[in-house]
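Q: Residue numbers (the working numbering), protein chains in the order written: chain W, 1 to 198; chain Z, 1001 to 1200.
Read the hints as simulated data drawn from the structure, not as lab findings. For glycine and all other residues, C-beta sits at the position ideal for the given N, C-alpha and C. Misleading hints may appear alongside valid ones.
Examples of chain Z residues toward chain W, derived with CB under 10 Å [said to hold, decoys possible]:
hint, residue
1, Pro1055
2, Ser1097
3, Glu1118
4, Pro1149
Chain residues, written in single-letter form:
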Amino acid sequence: MKHRKPVLDRRQVVAEILKRRGDALVVAGLGAPCWDITAAGDNPLNFCTWGGMGGAAMIGLGMALAQPRRRVLVITGDGEILMGLGSLATVGVQQPRNLAVIVMDNEHYGETGMQVTHTRLGVDLAGMAKAAGFRAAGTVYSQAQLAAWIPRLHRQRGPVFAAIKVTTETAPLVLPIREGPALKQRFREALLGARAFE
Amino acid sequence: MTTQSEKADNMKIATPERKNRSPVTSHPSRSSPSWPDQLHRVLTDQRMRQVAYVPDSGHARLIELVRADRQMRAIPLTTEEEGVALAVGAWLGGERSVLLLQSSGVGNCINMLGMIQECRVPLLMLVTMRGEWGEFNPWQVPMAQATAPSLAAMGVVVQTADRAEEVVEIVAAAGRLAFNTCRAVAVLIGQRVVGAKQFK
């Protein structure tokens, strides 16, 4: 299959998705997805990981099961999801209605020297998600496709999966809080109120 | 060696218990429930809602009980570190989770446990041991020997239950320690308790 060169800008894509987040809970995979969601506006209901590579979708699953009335968006990278492909199967088995997994797929390991990932070499993440039992899964290449997918990411019955093809253009670093307990406690207090301290 | 010996349905569990009841196939007697039945009660009492697992025969009865319990969500995993990440999401969302695994799966969790330590997320791991007591399979031994040291190296509090009658008390205490003090606690349930798989 001929390679189709990504054209979308990751910062713009993430900003457009999060503009309509409402009260959604957002988990970001380590690296650029964290800078992207922070650039779109810091929010206590963002949980940015600085490690635990391969775990973002599972964090999203635990959260979605615990909070079935809130939308949970996992925004992560292609390298990160490739490290936890089994989690697609685990999500598929659980069928969380409120979970969307969104991969900002630049087909490269952007934090470690821009080596190509498997997605540049033909691996179809959306196809894998679909086969794992996601109710909707697709690859987004164009602005028009993105416009059609954004409402699905926020509202369609999950689990929903989108691999959004973005360029390798790096944007300025916008760093979230680094300290784990601060990130955790800020998130829990915003979500659970006084229960966060029980 | 016979080809029959490789059939899963011919593999039996030998237990050191006097009655020679297998924890896998046994059901609670009228007089005293088995330790897995009592563990299920502990998980209920401690409000564990998400029970993640990679199967082990030592956990078979508990998994059966969890799957039948409408108050708990049974979450089969493809690999154990998924359960570590799940625990982070569950806790952020206000629910408690527990991870059931066998000792070989501890090795799969190591890097993900860094997130638990850094974020001070409570995590209860119930680890059934393989490769330490009357083991037949030599490939199980290296990870068995490394289980406690590697957990300790990742900041997990390690407690050991080597007798059936102490499992429940130790798990109940470990659950309180994990969730009262926001840290990872692993209970290693000895192979002496769960029994060694017999390849015949």
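Q: Take the hints in turn and mark each one as holding or not.
A: Hints versus structure:
1. Pro1055: 14 Å, violated
2. Ser1097: This hint holds: serine 1097 (chain Z) lies near chain W, its Cβ roughly 6 Å from the closest one there, short of 10 Å.
3. Glu1118: Holds - the Cβ of glutamate 1118 (chain Z) comes within 10 Å of chain W, reaching about 4 Å at its closest.
4. Pro1149: 21 Å, violated
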